[in-house]
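Colleague: As a plain string of letters, each chain reads:
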Amino acid sequence: MSDTPRILYCHCNYAQVVPPETKQAVLAKLSGSGAAFDAVADLCEMAARKDPSLKRLADGGPVKIAACYPRAVKWILGGVGCKLNNETTEVLNMRVETPEDIVDALFNPELKANLPDDGTPAKPSAEELPTAQNES
Amino acid sequence: MSLTEESTLRVLLYEGAGATDLPSSNRLETMTALLERGYTVSRTTGTGNVAPHDRGSLYVMGRFEGGKTPTDHIEQDETSLRFQDIGELNTDAIIEKVESVRAETNSVQPGNWKPWFPVIDYDRCTNCMQCLSFCLFNVYGVDDDNQIQAQNHDNCKTNCPACSRVCPEAAIMFPKYKSGPINGDEVTAADMGEEKMKVDISALLGGDVFSALRQRSDQAKERFSKERDEKQALSERKKCLTKLAQNNDIPAEVLMSLPSPDEILLKAEEAKARGEAALAKQRKAAE
Chain A
1 MSDTPRILYC HCNYAQVVPP ETKQAVLAKL SGSGAAFDAV ADLCEMAARK DPSLKRLADG
61 GPVKIAACYP RAVKWILGGV GCKLNNETTE VLNMRVETPE DIVDALFNPE LKANLPDDGT
121 PAKPSAEELP TAQNES
Chain B
137 MSLTEESTLR VLLYEGAGAT DLPSSNRLET MTALLERGYT VSRTTGTGNV APHDRGSLYV
197 MGRFEGGKTP TDHIEQDETS LRFQDIGELN TDAIIEKVES VRAETNSVQP GNWKPWFPVI
257 DYDRCTNCMQ CLSFCLFNVY GVDDDNQIQA QNHDNCKTNC PACSRVCPEA AIMFPKYKSG
317 PINGDEVTAA DMGEEKMKVD ISALLGGDVF SALRQRSDQA KERFSKERDE KQALSERKKC
377 LTKLAQNNDI PAEVLMSLPS PDEILLKAEE AKARGEAALA KQRKAAE
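Chains as they are written, first to last, in our numbering: chain A, 1 to 136; chain B, 137 to 423.
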């Protein structure tokens, strides 16, 4: 197996939040290239169904994902127990980037990892947790 | 939260050894048609990798040399592998074949609803249970470790982002929402300070939400008993709901589908009790 990052394309099928012309242009470029790639209809829909296929999509080594915001992609998958590797995942945002920029990044062998760092939110102490008395 | 064991179908457009490439326009048309019907599709060529296949059904479609597939059908462990030559098939016929295999393999029918549900950013979440206490529709729950989860996705009201507005850490996303940070865009300091982003539960209806609801319920009862004017009561309710909808971007149909004030009160108190129970466990663990 080569070290070339895999390509995963999300068609965001069930909402109009990704400009249709962007996703069609990206899919056309991918399809017209000689590259192997995985395409899913909608990562959100798969997560909602807790689709077992998400595990192999998240686990298969370095990956470039054409979808939406990196923070959203991280937790769409992470929320169903399919943690993406922060060091080997690059998310291209079809909501805001141009198709040209996305395609260039997908075909660039260099991977620019861009998932948000794992944070450790300050957990409130027992005293700081809200109670029925101090809530109202 | 764990994945289900449901059977899924993956379509593989095969263009490797022993097969010829699909015409470019056919490939795009076929991929688009399959994706729009909710299928997962991989394309393999001599270059690059796709995700490995572990379980579930795999339907390998290609223009195989001589129109002959390597074999017809293999069943092994939890995997079903089928081949189909598509040299003579147009897109409609390919879709028909895929639909047929999906039914034969009892694979899940994808895409029956708009996937609208809260996605929790655990890098930000402090497990404060505000969302659990707030949601009237039992979308949230806690796992065995008392960690908040979105458990009942189907209960979530499409296009309603209300719980993300009560989250004090902006940790709740709806990836299909129109704007950030609820859509997953980065959370900025300005977002955290913005009034619309930090709707306190107790401020949502002006002061304590529970006493506000009780008061509203009592007022409604009094109004009904005095006036028996259902039209006026409905008009009042609509005015109140319109204001809520505008202030918090909650779809009017969600608000209009809410039950009576008494039922809302009951549900709110149940939700609050669930949140309290989870917090009590958390306090005990933190001591």
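Any given hint could turn out to be false.
Below, computed lysine-lysine pairings styled on DSS-like, alpha-carbon distance capped at 30 angstroms [unchecked claim]:
| # | chain 1 | residue 1 | chain 2 | residue 2 |
| --- | --- | --- | --- | --- |
| 1 | B | Lys-204 | A | Lys-50 |
| 2 | B | Lys-250 | A | Lys-55 |
| 3 | B | Lys-233 | A | Lys-55 |
| 4 | B | Lys-233 | A | Lys-83 |
| 5 | A | Lys-50 | B | Lys-403 |
| 6 | A | Lys-83 | B | Lys-403 |
| 7 | B | Lys-250 | A | Lys-50 |
Everything labelled a hint here was simulated from the structure, so no lab data went into it. Just so you know, these numbers come straight off a predicted model, no measurement behind them.
Colleague: Look at each hint and say if it fits the structure.
Modeller: Each hint, compared with the structure:
At most 30 angstroms may separate the alpha-carbon atoms for a hinted pair to count; Lys-204 of chain B and Lys-50 of chain A exceed this at roughly 36 angstroms. For the hint pairing Lys-250 of chain B with Lys-55 of chain A, the CA-to-CA distance comes to about 22 angstroms; that is within 30 angstroms, so the pair holds. Between the alpha carbons of Lys-233 of chain B and Lys-55 of chain A the distance comes to roughly 26 angstroms, so the proposed pair stays at or under 30 angstroms and holds. Restraint check for Lys-233 of chain B and Lys-83 of chain A: not satisfied, since their Cα atoms lie roughly 34 angstroms apart, outside the 30 angstroms limit.
Of the pairs offered as hints, the one joining Lys-50 of chain A and Lys-403 of chain B holds, with about 27 angstroms between alpha carbons and a cut-off of 30 angstroms not exceeded. In summary, the hint linking Lys-83 of chain A to Lys-403 of chain B is not supported, as the alpha carbons are separated by about 34 angstroms, beyond the 30 angstroms threshold. Our distance criterion of 30 angstroms between C-alpha atoms is met by Lys-250 of chain B and Lys-50 of chain A, whose separation comes to about 15 angstroms.
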